[in-house]
Every structure is written in structure tokens, then in C-alpha cells.
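**Student:** Sequence:
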Amino acid sequence: MKSNRRKFLQNIGASAAAISLPSISNAAITSENGDFAKPKANQTFNMSGFAAPKLEKVRIGFIGLGNRGPGAVKRMSQIAAVEIVALCDKDSLRVEKQQAVLSKANLPKAREYSGVDGWKGLCESNDIDLVYICTPWSLHTPMAVYAMKNGKHAAIEVPAAKTIDECWELVETSEKTKKHCMMLENTCYDFFEQMTLNMARNGLFGELIHAEGAYIHNLLIANFGKTSYSDMWRLNENANRNGNLYPTHGLGPISQCLNINRGDRFDHLVAISSNDFQMGEMAKSLAANDPFYEDYVGKPFRGNMNTTIIKTERGKTIMLQHDVTSTRPYSRIHLLSGTKGVAQKWPEPGKIALGEDWMSEKELKEIEEKYTTPLVKHIGEIAKKVGGHGGMDFIMDWRLIDCLRNGLPLDQDVYDAAAWSSIAHASELSVMKKGKTVDIPDFTRGAWKNNQPVSLTLNGRGNTEVRKV
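In this text, residue positions in the sequence shown follow this note's numbering: the first is 1058, and each later residue adds one.
Wrong hints could be hidden among the right ones.
What the hints assert, rightly or not - Beta-carbon label-pair distances, calculated as ranges:
| no. | residue 1 | residue 2 | range |
| --- | --- | --- | --- |
| 1 | Ser1160 | Pro1431 | 41 to 51 Å |
| 2 | Ser1285 | Gly1447 | 38 to 48 Å |
| 3 | Pro1404 | Glu1426 | 16 to 26 Å |
| 4 | Tyr1387 | Lys1283 | 36 to 46 Å |
| 5 | Asn1099 | Glu1169 | 41 to 51 Å |
| 6 | Leu1150 | Ala1344 | 23 to 33 Å |
| 7 | Lys1397 | Asn1516 | 20 to 30 Å |
| 8 | Lys1368 | Pro1406 | 24 to 34 Å |
| 9 | Asn1275 | Gly1492 | 18 to 28 Å |
| 10 | Pro1165 | Asn1332 | 47 to 57 Å |
| 11 | Ser1331 | Gly1503 | 34 to 44 Å |
| 12 | Pro1165 | Gly1412 | 49 to 59 Å |
No lab work stands behind these hints, which were simulated from the structure alone. Note that the Cβ used here is the ideal one computed from N, Cα and C, for glycine as well.
Kindly produce the complete structure, drawing on both the sequences and the hints.
**Tutor:** Now the structure itself:
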């Protein structure tokens, strides 16, 4: 199986020029589910709770400066212990634009990489500690694997991988190199999610039984926009795959509340998708006046709504939804239901009940004051000023740097990146099989039984300074 995974990565190519890489092949989708669920080998090293050597300064190289990359560069420029050593994008003009951001922050000019294989040179350099990857989905795993093999920690935008084989590649590489591989799931650092994680940890909801998450966000116009995503990569993803393509925004926070990979694990899922009621029609409408869109007419666009149900080893259930086409308000749901209470963030404002009635505004305020995490109390107000989805992006970045500097485990490890990302491929398998059960691999190979929950403290942390905002 290892040689098959290597061939897989070689086939998709690890070139920054290949932005519109093929979607998951029919052969991969129709493979026997058991092949994916079985561990590839015994765990060689447990990355859960792993503490890498301290880094006084964290030297970062950024790959991908189109959509998410520029915001990350700006946020990291605010952290005093960060040195932005290198910038890379296949388009050199994007690199130049970010040099201006560094100049405005009174920071030294970064080394520049561009072109087809520029990112490889960045990963190979000997003065970078962390490679921060903000490229199209198909490039996440090849770049992260290459970075780790070249002695760098890897931070990857979501999802970390497209296929279960890629998930295993990330796990095996992180274990072998003893380099962190963190998926940058920013929603785990949103304020309500942090508070409800602390509440769950302290038993306010009793035994958690069920959780719900989603990514409901109308991106219909953006997906068809010629300048929204390089080489139309995101539209291509939606045109050739059918399942929950983007599960981690809703799944990450509730997985932490359920101690997934740290006391429980995903066991199996079922998934169904509605038909596509809008993307195909949009393609035909646009193609009628613009030949550019003719290639998208008749494509098997994913259904408007995908609903995926996951059952955990300990018998908990999770409902995930994915809809980036329908006209409706944004929602990640974020529902936690236990034997003593429930919390739900959307529709906003967030609500909590420790009985059969929702708390009053006054009661909610008291809960917030008591269960806001030390992390949010320490950096939350500064994060709001720096920005990035209301501040959660900066909390995520600051926490990552603070942990690396202090030689402490990260909040998200490679097993989280793999398990949360694997739901996309597993849901596609289930949809293709008309909602049949698909087993989810145990990427920890049994270590989940003893792995410790994510730390919510600042013990040994919190000494990373922020430049004047």
C-alpha cells in the first residue's frame, strides 16, 4: 500500500503550476472500503502530545499568496517572535505585493520564490522552521509531505488532504520525521467554540451524546468567478466530486469537544447528497454568453446539500452538512447535545440550555465570564484588532507560534488533520454507494485510547509578544 500511495502522489504531480489537478479517480472512489479502513502499518511514533524542541524565533516560509495567504502574512507580521523568511507563489507579482506588507510593518524583505517549482526550493532551504501552506486543496498534501521530509514543520490550510491515501501519507511522514503537521482549522479558535469546549470539558453538558456541524455558505457566484480562485480550481473540485467536500470547519470544534483521537474516534459514516439544482444551470446560463464556461456544461456537479452522519467508537453521533450553493444564511451550526444540556451557535446569537429552556442574556453573560478560556482571555481582544474572521485566525496563528516557541504540543496534530479531512473522501464513497456505510480509518492505530485531550491552559505558554497593533 505504501508504494501505491507514492505512485498516487507522483500521478497527481507536486507542481505549483498544476493548480487544477485531477479530482479523485473513479478507481479510488470505487475501491473496497476495507482497503482504506485498515491501518497501513503499526504506529512508529505517537505525534499526539509530541513536543518539538523549543524555537526562540519561528522562521516561516509562506507558499500560496492568492486567497488565504496574504491574510496569514499580515497576521504573522504582528507576532514579535516570527521571522518571515520566504514568500512563494507561482505568480511573482503576488510575492512582490506581500513584500510591501512586510515593508509597511518595518520588517526585512523576504526571500522570493516563484514559478513551477519555486515551492520546492523554499522547502529545501536551511533557514526555515515552519512552512505555511495556503494553496489549492490538491497541493496541500504534496507540499506538506515535502516540507516535513526536508526538516520543516507544516501548517496546512483546510482540508489537509483530499483522499484517505493522502491522509495516511501525512500521518506516516509526520511520525517518521517527528515534524508537526497542523491543519489550520481556525474555527476551533472562535470565541463561542472555545467557550463551549471549556464547558464540555468541565461537564456542564453532562455526557455528550450528539453534535452537529456544517459549512453552509453561498459561494455560487464566487465559484464561477473567473478571478475568485486560480485557474478555477474550486469550481473544478465542485464539478467532479460529490460529497461533503469541505467538512472541517464544522467538524473540528465539535471533534475537540468529543475528544476525537483522544478518548474516542470516528468509526463509520453514511452520507447522501441531494441533486444539483443550481450549479449545472449556472454553467449553462453563463456559457450561453461566454464560451469560457462551455467546458462546464454537463459536468456532474455535486449536490446542493450533503448530509453525513458519523458514529464514534463510543457510540456518539455527529451530523455534518455541506451546502455552498443554496440561498440561505451562513451557518456552521455548532451544536453540542449532552445528558444535562445543549449549546448551539447558529442561527445567531448563540444559545445555551442546561435544562429545557434557553438561558437568558444575563445567564449567558455569567457563563461567558466563567468559561471563556485562558487563551481567549489572554489574546482575544488583541486578536479582534488584528482581525481574520473576527479574530479567530489570529488566535490560531498566535497559539501555533506560542506552542512552537515554548516546545509544547500543538492543539491540532496530524491525526486530527487526517481524521477530519478523511470525511470528504469517505462521504464521497458513501454517496456513490447510495448511502451505504463506510468505515473511517483509525489514523492513531489505537493510540486514541490513551491520548490526552487538548490543553486549554496557558501553563508554560503565553509569553509570545505581539507588536503594537
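**Student:** Of all the hints numbered above, which does this structure not satisfy? Sort the numbers upward.
**Tutor:** 1, 2, 4
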